[in-house]
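Taking the hints into account, I'd like the entire structure generated from these sequences.
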Amino acid sequence: MRTRHAGATVLAALTALTLAACGGGDVGGGADDDTASDGGGGGGGDSITIGIKFDQPGLGYQDGDTYTGFDVDVATYVADKLGYSADQIDWVESPSAQRETMLQTGQADMIFATYSITDERKETVAFAGPYFVAGQDLLVAEDNTDITGPEALEGKNLCSVTGSTSAQRIKDEYSEGVELVERPGYAECVTALVAGQVDAVTTDDIILAGLAAQPSNKGKVKVVGAPFSTERYGVGLSQDNDMCEDVNSAIEEMIEDGSWEEAVTTNTDGTGYTPNSSENPPTVDACA
Amino acid sequence: MSSQHSVLFDAPGPRARRRIVVGNIVGALFVAGVAAFVLVVLGQKGQLSWDLWGPIFTASAWENYYLPGLQNTLRAAGFAIVGAVVFGLVFGSGRLARSRTVRWISGVIVEFFRAVPVLLLMIFFWLLLGFNFKQVEEPSFVAVVLALVLYNGSVIAELVRSGVGNLPRGQAEAGLAIGLTGGQTLRSVQLPQALIAMLPSLVSQLVVVLKDTALGQLIVYNELLRAAQIFGNGNSNNLQTLTVAAIVFIVINWLLTRVASWLSRFLSGRTAGATATGPGIGDPTATGPGAVAGAGAR
Amino acid sequence: MGDYLSQISTLFSEYDVLGAFWVNIQLTFWAAILSLILGTFLALMRISPIPSLRWAGTTYVNLVRNTPLTVIMTFMVLAVWTQLQISLADNFEQNFFRLAVVGLTVYHAAFVCESIRSGVNTVPLGQAEAARAIGLSFVPAARLVILPQAFRGAVAPLGNTLIALLKNSTVAAAASVTNETSSLMRNMIEFNSSEIYSIFFIFAIGYVILVIPIGLLTTSLSNRLAVRR
Chain R
1 MRTRHAGATV LAALTALTLA ACGGGDVGGG ADDDTASDGG GGGGGDSITI
51 GIKFDQPGLG YQDGDTYTGF DVDVATYVAD KLGYSADQID WVESPSAQRE
101 TMLQTGQADM IFATYSITDE RKETVAFAGP YFVAGQDLLV AEDNTDITGP
151 EALEGKNLCS VTGSTSAQRI KDEYSEGVEL VERPGYAECV TALVAGQVDA
201 VTTDDIILAG LAAQPSNKGK VKVVGAPFST ERYGVGLSQD NDMCEDVNSA
251 IEEMIEDGSW EEAVTTNTDG TGYTPNSSEN PPTVDACA
Chain W
1 MSSQHSVLFD APGPRARRRI VVGNIVGALF VAGVAAFVLV VLGQKGQLSW
51 DLWGPIFTAS AWENYYLPGL QNTLRAAGFA IVGAVVFGLV FGSGRLARSR
101 TVRWISGVIV EFFRAVPVLL LMIFFWLLLG FNFKQVEEPS FVAVVLALVL
151 YNGSVIAELV RSGVGNLPRG QAEAGLAIGL TGGQTLRSVQ LPQALIAMLP
201 SLVSQLVVVL KDTALGQLIV YNELLRAAQI FGNGNSNNLQ TLTVAAIVFI
251 VINWLLTRVA SWLSRFLSGR TAGATATGPG IGDPTATGPG AVAGAGAR
Chain X
1 MGDYLSQIST LFSEYDVLGA FWVNIQLTFW AAILSLILGT FLALMRISPI
51 PSLRWAGTTY VNLVRNTPLT VIMTFMVLAV WTQLQISLAD NFEQNFFRLA
101 VVGLTVYHAA FVCESIRSGV NTVPLGQAEA ARAIGLSFVP AARLVILPQA
151 FRGAVAPLGN TLIALLKNST VAAAASVTNE TSSLMRNMIE FNSSEIYSIF
201 FIFAIGYVIL VIPIGLLTTS LSNRLAVRR
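Residue numbers (the UniProt record's numbering), protein chains in the order written: chain R, 1 to 288; chain W, 1 to 298; chain X, 1 to 229.
Take the hints with a grain of salt, since some may be wrong.
[Claimed, not checked] Calculated Cβ distances over 10 Å to all of chain W for the following chain R residues: (1) Gln56; (2) Asp63; (3) Asp65; (4) Tyr77; (5) Asp80; (6) Gln88; (7) Ala97; (8) Thr101; (9) Lys122; (10) Thr165; (11) Arg169; (12) Ala187; (13) Thr266; (14) Pro275; (15) Pro282.
[To be verified] Derived DSS-like pairs (lysine-lysine); straight-line CA-CA distance at most 25 Å: (16) Lys218/R to Lys156/R; (17) Lys134/W to Lys156/R; (18) Lys45/W to Lys122/R; (19) Lys156/R to Lys220/R.
Note that these hints are calculated values from the structure, not bench results. We treat Cβ as the ideally placed atom computed from N, Cα and C, and that holds for glycine.
Take a look at the structure:
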């Protein structure tokens, strides 16, 4: 029986050891673990939970213990108008595949995460906005002159992220002979572009501009500037929300007082990028 | 090197020693040459620049990326190994049960989860939680743990079975002789001894689990690898941040391997079962008496 | 029920499930051959008379065995392809396939090495002594006496490594191989989420069907080839 107890002790020690770091780590820091929120609009609540991308520099990125990017700036502005100061915002990561679920289950009150308004998504969630109209575009090396649009990619190498349909669209609709490679993040695509292993990176223009504006990429890459699709970025909300109107007026106010323009410029600084002016700044849709 | 190896060749004489020295130099030159090539090319590509390496050696990098990532890795691995031990004990005993049905069902479950790639299990659970069980708050974490519990639990179940099988028959006979039922004998005589014999292998299995948590990167679980990736996205230094993450993995796993071999020496003689020597389960090299056949190189 | 079956068969005709498995089988085939060669070399290094070779072999095994395969696969793309600019084929599909094969080889060679070393440990001391006694030096002794017996003793762990390799070939997804099973399963479920259970089950059963014969074969081989002592 002595053996038995020894065994139990060692097993317990092992368990304690492996569970020592039991709480969840907060990659990027900052965000509070507490995702509880009042869910309603109108302000006055303790905090609001906002879903953003954590891994897209220029749009939504966890930079040390702060958050940066165009989506973050718009979200901060809107939250402020709803009555939440910057330190009342709980930022949570909302990967593309989980955005609808997070809104439906209340894990996020609002989502600003390059979230295109589509009819299919409207079946499960609601949208305010749009706060930006992006379009699929190409990022190429600074000195590149022969890639002017998606039809010029015949025989070229193109990079996009895993699971994205944007690269496949180019192959299907524009240049059949394009070579595709998928990486888990756009930043890895840009590294391959800078290293000369691919000729172009494709996704929405604002995402590309945000990447091009990173200090490490400045002067090495440029956005082609010929968007060939329309992605209307909306604010994801749950279907039973009561803040769509407030979010919309906050967005309108942001466009009017010049903060919107400023957010675009600071996050794409030095890239010479300007948003597609026939669509931007956008007019918001009426709330459903 | 054990005595067996030295049997394969004579103690080197003067000429052999000279040749060994030459061999050492040639080998070192070869390794140095490959390393130099890699470094020169990386240097040409600007990948050795301090702009890319510098950000890693700041407090912020560790506070905000590596340590939280490591914490998530350890958390998933901790839950997974505990769950796997429970799963392994249940189904390992199930495979030793009297009832043919219980044995058969346990066998099918164990064989099934040992044959399915962990990555497929992870992706399946992740999507399942996303589509059908939306109330689960951390689908990536739960999917990683579930997949690791099922796979590693099946490996441990086999380990339990062989661990009990490797005990001297006298142990079970003694249990039955003092009037215990078959189940009681298993629980209070055989399993405790088998468990001690398994401990080193369990620690080695933890290495397998830790390595596999890295697959969580593919289903957006913020473990060490993904944390390094997010960090790298900001400075376009993914290669550099990944290298450091790999070093962290190697150091932790190497330490665990050392613990396992120390445990193995420490515990031998404390049980009637043989403690597995060598790297252990989850590692095809474990052929010692306490080891299990059929585990993977994960 | 018939309705359900027809839905499944539509899924099958829409997606190339067998083709995806074929990619994993090919990945496994090439990586198995290459890692057997590399692993045998490493095992020879680890039992050789030259200390630097022993050290190199041991270091390799310790480093690689403790690194997650996902990391190695990502390195193949981030370091080898992107920065060292080593391309293994002109078109991307072949290139990333081959890079994945190399990544799988690098990883599993460490396990092949350890399998063979454990096979060497099954060879009784007397065999080595006898080889030395008739005047064989290290290489002939290893080639003619030790390794042939070691391989027979290593069949079971080598079989396990092969099974692990087959399952690990799904991690090729991390090396931008997009037409293998894990990526296809993910794709199929994302676009047909109501069939999630059947889709997973089809892929899982596919692996069970591939793994079980390998297991049975190695068990019977290792029994048949075992050196009677």
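Checked hints:
| no. | hint | in the structure |
| --- | --- | --- |
| 1 | Gln56 | violated (7 Å) |
| 2 | Asp63 | violated (6 Å) |
| 3 | Asp65 | violated (5 Å) |
| 4 | Tyr77 | holds (22 Å) |
| 5 | Asp80 | holds (25 Å) |
| 6 | Gln88 | holds (21 Å) |
| 7 | Ala97 | violated (6 Å) |
| 8 | Thr101 | violated (5 Å) |
| 9 | Lys122 | holds (18 Å) |
| 10 | Thr165 | holds (17 Å) |
| 11 | Arg169 | holds (23 Å) |
| 12 | Ala187 | violated (4 Å) |
| 13 | Thr266 | holds (16 Å) |
| 14 | Pro275 | holds (22 Å) |
| 15 | Pro282 | holds (27 Å) |
| 16 | Lys218/R to Lys156/R | holds (23 Å) |
| 17 | Lys134/W to Lys156/R | violated (41 Å) |
| 18 | Lys45/W to Lys122/R | violated (46 Å) |
| 19 | Lys156/R to Lys220/R | holds (19 Å) |
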